Amino acid sequence: MKAPDIYVSVGSMMPFERLVRAMDGFAAQRPDLDVLIQIGRGKTEPVHARFVRLMPPGDYRAMVAGCRLFVAHAGMGSIITAIEAGKPLLMLPRRQALGEHNTEHQLATAQNIGNRPGLHVAIDEADLIVRAEALLAVGSPPPAPIARFADEGFTNHIRCFIESD
Amino acid sequence: MKKRLLALASGGGHFVQLLRLRPAFEGHEVHYATVHADSRAEVGGAPFHTFHDVSRADWWRLPLTVFDIVVILLKVRPQIIITTGALPPLIALLLARPFGIKTLWIDSIANSETLSGSGQMARKIATQTLTQWPALAEPDVAYWGSVL
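Chains as they are written, first to last, in the working numbering: chain A, 58 to 222; chain B, 2 to 149.
The set of hints was computed from the structure by calculation and includes no laboratory data.
Note that the coordinates shown come from a computational prediction; the quantities given were computed from them, not determined experimentally.
Honestly, I wouldn't trust all of these hints.
Unchecked claim - In silico SDA-like links for lysine to any residue, alpha-carbon gap of 25 Å or less:
#1 B:Lys103 <-> A:Asp222
#2 B:Lys3 <-> A:Gly210
#3 B:Lys125 <-> B:Ala38
#4 B:Lys103 <-> A:Glu209
#5 B:Lys103 <-> A:Glu161
#6 B:Lys103 <-> A:Cys217
#7 B:Lys4 <-> B:Ile126
#8 B:Lys103 <-> B:Val71
#9 A:Lys59 <-> B:Ala38
#10 B:Lys125 <-> A:Glu161
#11 A:Lys59 <-> B:Glu43
#12 B:Lys4 <-> A:Gly210
#13 B:Lys3 <-> A:Arg216
#14 B:Lys103 <-> A:Gly210
#15 B:Lys3 <-> A:Gly115
#16 B:Lys125 <-> A:Ile219
#17 B:Lys103 <-> A:His214
#18 A:Lys100 <-> B:Ser56
#19 B:Lys3 <-> A:His214
#20 B:Lys4 <-> A:Ile219
#21 A:Lys100 <-> B:Val71
#22 A:Lys100 <-> B:Trp61
#23 B:Lys4 <-> A:Glu161
#24 A:Lys100 <-> B:Ala58
#25 B:Lys4 <-> A:Arg216
#26 B:Lys76 <-> A:Asp222
#27 B:Lys3 <-> A:Asn213
#28 B:Lys3 <-> A:Ile219
#29 B:Lys3 <-> A:Glu209
#30 B:Lys76 <-> A:Arg216
#31 B:Lys76 <-> A:Glu220
#32 A:Lys100 <-> B:Lys103
#33 A:Lys100 <-> A:Leu192
#34 B:Lys76 <-> A:Phe218
Claimed, not checked - Taking CB as the label site, the calculated pair distances span:
#35 A:Ala85 <-> B:Pro99: 48 to 58 Å
#36 B:Ala47 <-> A:Ala60: 27 to 37 Å
#37 A:Arg118 <-> B:Ala47: 27 to 37 Å
#38 A:Asp181 <-> B:Met2: 48 to 58 Å
Built from N, CA and C at the ideal position, the CB exists for glycine as well.
This is chain A alone, in the form it adopts within the complex:
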C-alpha cells in the first residue's frame, strides 16, 4: 500500500470516533491531500479519507515512515513507532470523560511524554486541525533518535531477574 500524505491511527485496541471524524473533516477541506485513517473497531467510516481497520505491524510502520504527517491518539504504540521512525507526531489524547478510554492516562502521557521534540499535542478537534495545517505548512523537527531497544541498564536488570534463582 502506498503511504499517504497524512496517516491517522486510533491504535489497535479501542475506537476513537472524535479523531476519525475530525480528520475525515480535514480530508474534506483538503482534497489535494491523500488521507488514510486506521479506524480500528470504530463505527464511523470516513467518507472523504481512505480508511483501513487494522494493519499488520510492518505495513503500519511503513505508513508512519512514509507519510508527511502522522496523526494519532496519545497511545504508546503510536508514540514509540513515531520516535523510532523519526517522524513528527500530532496527537489527540483520548478522554475518559468522553468514554474514549478507561482512565485519563492519555492526558498524562501527552503532558509527560508529548513534551519531547517532534511530538505535538492538540487539546481538542479544532486545535488538531489548526496544528495539522501548521505542521504541513512549516514542518517540525523530527523526534530525537532512539536505539532499537530499551536502555541496557534496564534490560540487564531484567536479565538478572530472569537468571537469579
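Once you've looked at the hints, dock chain B against the given chain A.
Below, chain B without anything else, positioned relative to chain A:
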C-alpha cells in the same frame, strides 16, 4: 542455565514495549504471546501464541481469554513470565501463582502519574512489579528503567 520464558502482552503499545526489552531475554527459550496473529512477524521465528483480548469495557469476553491463557500456560510451561500489561497477562500471573512460577509485571510507560488498575492488582501477585517512572516507585513497586 537456559530458562523457559513466557513474554506476553496485550496489543498496541503493550506489545511494542515488550519487544523493546528483547535483549533481556537473549540466550533463553522465549515464547511470545499477544492478541494479533500478525505480530508473529515481529518475533523473528520465536515460538508465538495468541489470546483473545479483554478489557474492563468488554468484561464478558473474560472466559474466552482465560481459556486461551490456560492453554498457553499448559503448552509453554514457563519457568518465568514477563509482561508489559494489560488485563489478559494479569490472568496469566494469577494462574501461575500457585505453581511458584516467577513473574515480572512491568507497568506500561503510559501510566506516568499512577500505576494502572491491572498494575495495582499485579503488585499483590507478581514476584516483582515495576513502574517505568521513578516518581511512582514504592517499597513494593521498583523502578529499574524505562523502554524509552
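Okay, the hints, checked on the actual structure:
1. B:Lys103 <-> A:Asp222: Roughly 9 Å separates the two Cα atoms, so the pair holds.
2. B:Lys3 <-> A:Gly210: holds, 21 Å
3. B:Lys125 <-> B:Ala38: violated, 31 Å
4. B:Lys103 <-> A:Glu209: holds, 22 Å
5. B:Lys103 <-> A:Glu161: violated, 32 Å
6. B:Lys103 <-> A:Cys217: Measuring from Cα to Cα gives roughly 13 Å; hence the hint holds.
7. B:Lys4 <-> B:Ile126: holds, 21 Å
8. B:Lys103 <-> B:Val71: Holds. Lys103 (chain B) to Val71 (chain B) sits at ~17 Å (cutoff 25 Å).
9. A:Lys59 <-> B:Ala38: holds, 23 Å
10. B:Lys125 <-> A:Glu161: Answer holds: Lys125 (chain B) to Glu161 (chain A) is near 24 Å, not above 25 Å.
11. A:Lys59 <-> B:Glu43: Holds, because 21 Å separates the two Cα atoms, which is no more than 25 Å.
12. B:Lys4 <-> A:Gly210: holds, 21 Å
13. B:Lys3 <-> A:Arg216: holds, 12 Å
14. B:Lys103 <-> A:Gly210: holds, 21 Å
15. B:Lys3 <-> A:Gly115: violated, 30 Å
16. B:Lys125 <-> A:Ile219: Holds. Lys125 (chain B) to Ile219 (chain A) sits at ~20 Å (cutoff 25 Å).
17. B:Lys103 <-> A:His214: holds, 15 Å
18. A:Lys100 <-> B:Ser56: Status holds; Cα separation ~19 Å.
19. B:Lys3 <-> A:His214: holds, 17 Å
20. B:Lys4 <-> A:Ile219: Given that 25 Å is the threshold and the Cα spacing comes to 8 Å, the pair holds.
21. A:Lys100 <-> B:Val71: Violated, at roughly 32 Å.
22. A:Lys100 <-> B:Trp61: Within the cut-off at roughly 20 Å; holds.
23. B:Lys4 <-> A:Glu161: Cα-Cα ~38 Å, so violated.
24. A:Lys100 <-> B:Ala58: This hinted pair holds, its Cα atoms lying about 16 Å apart.
25. B:Lys4 <-> A:Arg216: Answer holds: Lys4 (chain B) to Arg216 (chain A) is near 11 Å, not above 25 Å.
26. B:Lys76 <-> A:Asp222: Holds, because 23 Å separates the two Cα atoms, which is no more than 25 Å.
27. B:Lys3 <-> A:Asn213: Between Lys3 (chain B) and Asn213 (chain A) the Cα gap is close to 16 Å, so the pair holds against 25 Å.
28. B:Lys3 <-> A:Ile219: holds, 10 Å
29. B:Lys3 <-> A:Glu209: holds, 20 Å
30. B:Lys76 <-> A:Arg216: holds, 23 Å
31. B:Lys76 <-> A:Glu220: Holds - the C-alpha atoms of Glu220 (chain A) and Lys76 (chain B) are around 22 Å apart, at most 25 Å.
32. A:Lys100 <-> B:Lys103: violated, 41 Å
33. A:Lys100 <-> A:Leu192: violated, 28 Å
34. B:Lys76 <-> A:Phe218: holds, 23 Å
35. A:Ala85 <-> B:Pro99: 48 to 58 Å: Holds - the Cβ-Cβ distance for Ala85 (chain A) and Pro99 (chain B), about 57 Å, lies within 48 to 58 Å.
36. B:Ala47 <-> A:Ala60: 27 to 37 Å: holds, 29 Å
37. A:Arg118 <-> B:Ala47: 27 to 37 Å: Taking Cβ atoms as reference, Arg118 (chain A) and Ala47 (chain B) lie about 19 Å apart, which means the hint is violated.
38. A:Asp181 <-> B:Met2: 48 to 58 Å: Given a distance of about 55 Å, which is inside 48 to 58 Å, the answer is holds.
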